Every structure is written in structure tokens, then in C-alpha cells.
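228 is the number that the UniProt record's numbering gives to position 228 of the sequence shown; each next residue is one higher, with no gaps.
Rather than coming from a laboratory, the hints here were simulated on the basis of the structure. All the given hints hold, so there is nothing to weed out.
Okay, derived cross-link-like pairs now, EDC-like style, lysine to aspartate or glutamate, Cα gap no bigger than 20 Å in a straight line:
{"hint": "1", "residue 1": "K129", "residue 2": "D140"}
{"hint": "2", "residue 1": "K194", "residue 2": "E277"}
{"hint": "3", "residue 1": "K129", "residue 2": "E141"}
{"hint": "4", "residue 1": "K78", "residue 2": "E134"}
{"hint": "5", "residue 1": "K126", "residue 2": "E87"}
{"hint": "6", "residue 1": "K364", "residue 2": "E308"}
Taking CB as the label site, the calculated pair distances span:
{"hint": "7", "residue 1": "I151", "residue 2": "K365", "range": "33 to 39 Å"}
{"hint": "8", "residue 1": "R137", "residue 2": "T353", "range": "29 to 35 Å"}
{"hint": "9", "residue 1": "N54", "residue 2": "I151", "range": "22 to 28 Å"}
{"hint": "10", "residue 1": "V237", "residue 2": "Q294", "range": "38 to 44 Å"}
{"hint": "11", "residue 1": "V237", "residue 2": "I361", "range": "37 to 43 Å"}
{"hint": "12", "residue 1": "I105", "residue 2": "K77", "range": "24 to 30 Å"}
{"hint": "13", "residue 1": "E118", "residue 2": "D68", "range": "29 to 35 Å"}
Fair warning: this is a prediction, and the values are worked out from it, not measured in the lab. Cβ coordinates follow ideal geometry from the N, Cα and C atoms, glycine included.
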Amino acid sequence: MNTTTATLQDLMPQRGMLPKLARTALWLITLVVLAVTYVYCSIDPVKLIEKRENGIAYLFGHEVTQADRDSARRQAKKLPKIIIEQEVSRTVRQAMKKEGIDNPIEFSTRVAAVAKTELAQMDPAKKEKIMEEEFARLLDEKRGGYFPPEIRPDKLYMYTKSLIETIAMAIWGTLFAFVVAVPLSMFAARNTLKLFISSNSGRANALREIIWFFMRRLLDFCRGFNEFVMALIFVAVIGLGPFAGVLALAIHTFGVLGKVFSEGIETIDPGQVEAVEASGASPVQIIAFAVLPQVMPLIVSYSLLRFESNVRSASILGFVGAGGIGYLIFDKINGYMYREVCTIMLLVIFTVTVIDYLCGILRKKFV
1 MNTTTATLQD LMPQRGMLPK LARTALWLIT LVVLAVTYVY CSIDPVKLIE
51 KRENGIAYLF GHEVTQADRD SARRQAKKLP KIIIEQEVSR TVRQAMKKEG
101 IDNPIEFSTR VAAVAKTELA QMDPAKKEKI MEEEFARLLD EKRGGYFPPE
151 IRPDKLYMYT KSLIETIAMA IWGTLFAFVV AVPLSMFAAR NTLKLFISSN
201 SGRANALREI IWFFMRRLLD FCRGFNEFVM ALIFVAVIGL GPFAGVLALA
251 IHTFGVLGKV FSEGIETIDP GQVEAVEASG ASPVQIIAFA VLPQVMPLIV
301 SYSLLRFESN VRSASILGFV GAGGIGYLIF DKINGYMYRE VCTIMLLVIF
351 TVTVIDYLCG ILRKKFV
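Could you build the full structure based on these sequences and the hints that come with them?
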């Protein structure tokens, strides 16, 4: 009895010359694209290593030199005079307005004279306190760095309050998107769309294709707009506040969820749908008892994932006045208060971690 031993090469499907050439060409194109984009993006890992000291100084600050101290001291000594001049200027302006005098030179002369007198009469202890506080602030600004973070209770309370607003924006933005995406995704999937338009006539087929094409392009349009750009539009339309951020998050999230839900619906087992359909169920009943049970794990899992993502996205919408903690981040960055920025970012990271843990518990119950 003759026996033959099959090798791995024998078990593999044999391809012709054309498929092999196509596969080789695909690999070459991939390598060329990677090489071109590598150069185009100026990727240089060596530069990251060479500039590591800049990163350390940026995060933890640098040592303050004597020249920095002298400069900060000179600037701090000017602050009492600046404060008095600002207070005096309002009084002098009102007095000159009553006298009917509109002379900038006269205004400057009077302000300088009154400010000089009040500065000489200023309590030395108060003056010294103002200068020392300004000196400490300037030194901290010159030192730079994000660490150690700001942990004063009044600051933490303010950040937490804004963070709660950010979470609220993410909740409502995700909820609005979810409520709209679930039903409309049925019209963006060919198999469920056929439940509503079941005829096989040419007109029905064309109508299904038109609806499917329109719904997919609508999802692409909503998904293509970044939340930040959408927030800019809504702030210009309805004004500043968290509602603009909620709408921006809702529209972008609707595009994402609708795309994922519709593609998940198109991959369900058709056997369950046919079984329920054979019992004489209506399209809504078929969706409720044959479609949704199959895609519910995907819907729950991805909706929770988008909620986590929206918390992070909502934290920067305040840059354009769309509410949330982003406004504080923008304000502190512009004021070079990097330690406070560090505190805010740590709070955001902690919040996202807690939300991820809670969402994980919910996933176990539904997925």
C-alpha cells in the first residue's frame, strides 16, 4: 500500500502568476507609502532623545538664576505704583469730566501727581506684602514647569465644578446621538432597510439604494466635522455656553455611532430574521426580536466607549467658549499657570479612569 506524505506546500492553495504579481505589487506600494510618509512627517526618534533635557525642563521647570531673581524683584517693586495709578486714574477721569476738561496731557500729569502722593502715604507693610506676593508669582512663572501641581482647596473646588459641567456635556451629547443613531442606523443598513421596503421591483430597489446612499453620506458628513469645528459654529449661532458643546458632541457622535451600528446590523445572522419574519411579524417586531438582540452588545459597548471619548473631547471645547473645563485650561495656559494646568489634566485623567471602570462594569452586564 502506497502512502504519500503531504507537505505544507502541498496543502497551501496554489496561486497563478497574476495573483502573485498583484500581491508583490501591493507590498511594494505599501512600503513606498510608508517610506514617503515617514520622510514627509519628519519622523526622527534621535531628535526626541537629543531634546530630552528640554522636555524635563518643560515639565519640571528649570533652576532660577540670580538674574531671574533680580529681574523679578525689579518688576515686583513697580506693582504698588501700577495699582495706585489704576485706582487714581478712575478718580481723576471722573473729576476732569465734571470740570469739562478733555486733555490727555493734563490727565497724565494729574494722575502722576496724585499717585506719587498716595504712594508716599501707603502703609509700608501693605506695600511690602504686595511686592513679595508679586515677587513669588514672578519667580514661579520664570521657573516654569507643570510639577508640582496646584492643590489649594479653593482651586480644586473651582476645577471640580467645571469638570462636572464637562461630564454633563458628555452625557447629553452621547445621549442625543444614541437616541437618533439607533433608529436611523436601520435605514443605513441594507438588510434592515429591505424589511421596510420589501418589494423586489426595480423602483423599490432604486428607492432602497437612494435611501441607503443618503443615510451613509449623512453619517459621513456628521462624522467628518470635528467637535472643535462644530463647537465654533454653534458658539457663533447660539452663543457661549455648554449647550453649544452638547450639540457639537451630539452631531459628531451621531455620525460615529450611526456608522458602527449600521455596519454591525449588516453582519447579523439572517437566519434569526427569516425565522421571525416567517411568523408574520411586522418590520418593527422583526427589528425588536431578531435584530436588536444580536447587535445590542455592540450598541452598548461602543456607546459607552464614545461616552468616555466625549468626556475627553468636551474638556477642550471650552477653548472656543463651548463650556466645560476647557475654558479654564485655555485661561491658565495663556496666563502661563502651568501648575494649575497640570492639576486640571490630572483631574481629567482621574475622571476618565473612574468612568472607564464604571463603564467596564456595565459592559459585563450587557455584553
